[in-house]
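Asks: Spelled out, the chains give:
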Amino acid sequence: MKRFFRELSVLGALAAVLVGMAIFAPAFFSPQPLLSLLTREAPTLVVACGMACVIITRQIDISVGSMFSVCSVCAGLLAARGWPLLLVLPASVALGALLGAVNGLLVAGLRLPSIVVTLATMVTLRQGLNLVRQGEFVNLPDRIQWFGLSQMAGQLVLVGASVVFLVALALAMRHVAAGRFVYAVGTDAEAARLAGIRPQLVTFLVFIFIGALTGLAAMMNLAQSPQVQPLSGAGLELKVIAAVVVGGVAISGGRGNLWGAFTGLLLLACVSPALIHLHIEAYWEKAIQGAIILLAVVADGLRTRRLNR
Amino acid sequence: MSPAPLLALRQLVKNYGGVRALRGVDFDLQAGEVHALLGENGAGKSTLIKVITGAHQPNGGTLTLAGQRVANLTPSTARALGIACIYQQPALFPDLTVAENLALRLEATSASSRIDWPARRARAEQWLARLGAEISPEAEVRSLSMPEQQLVEIACALGAGARIVIMDEPTASLTQKEQRLLFAVVRDLRKNGVGVIYISHRLEEIFALADRVTVLRDGQSVGTHAVGDIDEAGLIRLMVGREVAQIYPAAESTPGHRVALSLRAVGCRASGVHNVSFEVRSGEIFGLGGLVGAGRTELARILFGITPADSGEITLHGQRLTLRSPQAAVAQGIAYVPEDRRRHGVVLELSIAHNLTMAIHRRFFPTTWLRFGAERALALDFIRDLAVKCAGPDAPGGSLSGGNQQKVSLARWLATKPKLLILDEPTQGVDVGAKSEIHKIIRRLAKEGLAVILISSDLPEVIGMSDRIGVMGGGTLRAILPGGSAPHDVMAAALGTTERGAA
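Taken in order, these protein sequences are the chains called G and A.
Numbering of the first sequence is given in my numbering, commencing with residue 117 and proceeding in unit increments.
Numbering of the second sequence is given in my numbering, commencing with residue 12 and proceeding in unit increments.
Wrong hints could be hidden among the right ones.
[Said to hold, decoys possible] On the chain G side, residues computed to face chain A include the following (Cβ under 7 Å):
#: 1; residue: 236
#: 2; residue: 284
#: 3; residue: 288
#: 4; residue: 292
#: 5; residue: 312
#: 6; residue: 370
#: 7; residue: 373
Hints listed in this document are in silico derivations from the structure and should not be mistaken for laboratory results.
For clarity, every value in this text was computed on a predicted model and none was experimentally measured.
Glycine is no exception: its CB is placed at the ideal position from the N, C-alpha and C atoms.
Work the whole structure out from these sequences, hints included.
Replies: Structure follows, in structure tokens:
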């Protein structure tokens, strides 16, 4: 119990919000809008899982938004050329992994600070995409949207897939040796190295991993609309980093888990629809999300201070 | 000698918690004198400097500066009173120029005052010229060599009107030529009436440079002599002259004849180790003694593949090894329990069980799936075997005391079933009870046939625990002595003096 205090407190906050909604705006729980909300967040959840791994190794990747846009546009173009879904999906994942490998190579190979490296790739990819595409939309063939299923079925597939993925990855982080390496590198890279773990290799692979997940998330997003916007990934990095931090993953590495990141994401995602249902102006959304992030960071800061004393 | 010394310490006492770091130090420094301070690791030299520079407050005794008794010395009043310290690693701002560094120490400016660049430059030039240093005031400190940085430090000290200059092992990283330059500066300081407290492990420097020498041992000053009145042997006797009070577990068996590890002319240019040759047999505890900076940890890092050797030959059980990484060393059956366990030994956030299996993942979890039950059982075995005091295998490493963390760190490496175990300062910062438990564990491991290399700065520990003692100094092996040798002999070898002509 005590070990998961941080995750449980976020869960408590989420529960409080949901109970509040049940009392004051029960319409929030009508199935179709709720399913739509979860569907919109499904790609974000997949990227947040990757981000949690990156932050646990004491790195950060702020280029996910740009990678997401690049993967979306490329996958859209391939689909428009008539590639079948079964080829577009792996292509998008592979492209993401490749972009992640570039980040990983610079961070782990040249030992550059990840915030600078991914800032550079974020700007490069975004502006490169603008230059090549000039802001043009890509029209998708019908069979891509909802994977050619009905909207309802498509939504269920997306939400289901993201949850299955979350559970599988969370279990793997705990039960597969690689997951523990990620934690060990994040808490103390030198101790890990002396114990025969290769911290640079772990870091490299984690960046490839988040790249691949971003490619997957781009596909999950692609299936939701008839067109690809070239700016579809803008702001994604802030959203996932916020979710992960609110969920109790320490930015100093080594601490936190995917369940926390999941709850953090849901909590932040609830803000916007909750405001609509409570008839509060939408301007408050960002302010409230910011306050939640601030609260989480301050709580972590106070807690570390107490532990160090 | 003149009546009022620059600095006089009487019966100075300093405690850290329950540890008595200084327990009665008497020390005088005259104007125009170079007074050397000598003592083995942990004798209290650093603590004494901290008290003199006002960094720490003494718990008892008096400190008199030029006849005036001073209480509540702080770093800023110490500086105002003319006390300056030049550390081994100069504490300058590497990205600023020499003139800016000097200005930061010498100018009492507020944040809003205008900077007089020409005056700043002129003053820097003046002080550097006085030291005979050919350094441009516009040079970035980063681009200067180590001795040049020390000269800048000395210029700062003199510019601030220092009358007492403390030098803490200033020659540790200098070449011979640079040393001669530094000595000339020190002699010049002496001529100008500055009092210099000179700390060094190198006896020949003390005899070449100092007027008097004071020896510290176990936090006490045990004698002050004019350098003409004492020889090297006498100094060493003063440094180590104590009984080996602690009882060490007796060797229950003699080491086998099988050579486990053999080093031939091993060296590594990057870490300054050269031409090290010795053999360790199965079941033998081979102690590595020497002063801090002698190259012991560097040698251990070579054997564990952290800084690979670039010359010589290492064989383990007759098989020649190339150790390019810790993984390679682990694969060959070498285990290294590092010095700084808080930083590199135990991962504080992970549980004891996780810490234990960290180095044996591939063997212990061949299918990559973690087996928590097996891991727990292993942890419980080690907890019982090494008597680790803890809440259980799931308790985080950070919840343990220093001695118990050390046991976990040790257990992690025993779990790899090594052929060679390297222990680097295994009992540093560990309380007496845990210390003797760790000693018993080490003995038992040797008895079971493990080859052990024991690095320790604790002289009685090396002497009491080792079957043979390799004494290092200046990056190489200076001597191999039998276990139980006289502390005097070990210290003499560490300092690089021979008994010939001195006995």
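Asks: Next, verify each hint and record whether it holds.
Replies: Hint by hint, here is what the structure shows:
| no. | hint | in the structure |
| --- | --- | --- |
| 1 | 236 | violated (23 Å) |
| 2 | 284 | violated (13 Å) |
| 3 | 288 | violated (9 Å) |
| 4 | 292 | holds (6 Å) |
| 5 | 312 | holds (4 Å) |
| 6 | 370 | holds (5 Å) |
| 7 | 373 | violated (12 Å) |
Hints 1, 2, 3 and 7 from the earlier list are contradicted by this structure; the remaining hints agree with it.
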